[in-house]
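*Asks:* With chain A's structure known, arrange chain B on it following the hints.
Chains as they are written, first to last, in this note's numbering: chain A, 1 to 78; chain B, 1001 to 1352.
Honestly, the hints are just simulated from the structure, not real lab data. Note that the coordinates shown come from a computational prediction; the quantities given were computed from them, not determined experimentally. If a hint is listed, it holds; no wrong ones were tucked in.
Simulated restraints, written as ranges between beta carbons of each label pair:
#1 B/GLY1117 / A/ASP22: 31 to 37 Å
#2 A/GLU13 / B/GLU1179: 25 to 31 Å
#3 A/ASN73 / B/GLU1032: 43 to 49 Å
#4 B/GLY1171 / A/MET1: 30 to 36 Å
#5 B/GLY1317 / A/SER63: 39 to 45 Å
#6 A/ARG29 / B/GLY1046: 36 to 42 Å
The beta carbon of each residue, even a glycine, is placed where N, CA and C say it ideally should be.
Letter by letter, the chains look like this.
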Amino acid sequence: MSLNDRLRTVFIETMQLDADFDVENLKYRDIEEWDSVGHMALVAAIEDEFDVQFDTDQVIDMSSFKVAADMLNDMGAK
Amino acid sequence: MTALFELSQAQREATLLPQLTELTEHHRAHCEPYERILGALGIERGRQFGAIADLPWLPVRMFKNHDLKSVPDDEVFKVLTSSGTTGSGASRIYLDKEAAGAQTRQLGATLQTVLGGKRLPMLMVDTVSIIKNRRSFSARGAGVLGMATFGRNHVYALDENDQPDVEAVKGFLAKHGNEPFLIFGFTFMVWLYLYEVAKEHNLDLSNGILIHSGGWKKLIDRAVDNTEFRRRFAEDTGLTRIHNYYGMIEQIGTVFLEGPSGNSLYCPDFADVVIRNPETWEEQPIGEPGVIEVISTLPRSYPGHVLLTEDLGVLHGIDDGDWPGKRFSVLGRLPRAEARGCSDTFSGGQAA
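Isolated chain A, as found in the complex (with noise of 0.2 Å):
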């Protein structure tokens, strides 16, 4: 699979989506499952499956699905 489906999957397991939710083009706090605790338990979520450590100020700039999908990559996520 690759990068962004796996995020993909992530999103929609964490939030509890539809499976054909549009979440390449989800924004935070654009659905109510994206709220601050949602946030914390998706970093959380992102981190196990793809065994990263995001910084704080990357936790803080994760403000869609696009922007985490860019941080993954630059951090060579695979």
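*Replies:* For chain B alone, coordinates are given in the frame of chain A:
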């Protein structure tokens, strides 16, 4: 390391005064009630000020009685409310998207001075139930959540019934106790549910960094003040990296942080403090208690950049402590101010 405690008092004046003057004009132009208040005080538009202490302040109480915002209604992204407990209600603080982002970022930058940029394993001295009901956070819940960003692998020291969860704390320490870890909680809860428990069970907190806030009122009958708090944590648990902070919802994102050697709060580089004589409103000299005025360049979506609090404080020195700028302590609430505070929503105490 982030450098957010760097400016001497003279540099701070020179840097912040133009920004604060601009902010004053910005709020006058965009917040009609604020413009009326300043007009009534006889302060004309475009007024230049000689010093930060000359800027007009608003009493924090104004945010309870008035809708003060400098953004159009359709750009309001989030309304914060304080934990107002009695009659006059809660403050309402309006944030647009930009302001909401800025406050998180500046709080992060401030705390990174003592935490570093890495998120540390985090022990929350609060109950896990505080984050369970997502629809109705108390102010305390919001505070706990706001801090969660700075940690990872969060463990809560109290169970769902507000009882100390010693096994959870022991488990956390077994896993993370040998590396730096972050502890967060409200001051009296940290004392009752971490200090007492750690002492009883001989827990080693020596790798911890404690960030706490909320005031000493509930610890007065235990004869615990800041000095005693630090001394006994160090002696009985090995915890020496302790940082109290002072901040309020009406200036969200700005916190005044206790320096490494303790007992003084410092202003981050985008903030300042003035201690005023409650009779004459002149600035108090070092060592003379007075009313705390807090100043920050952060509030842009509401006119909260210069606020007169309802707290008493005292200035200890200028450019002579751990970090440059003014250093001060909070002495407590003004006698006539109504009781209010984030941690006052917890009535607990049974475990002590």
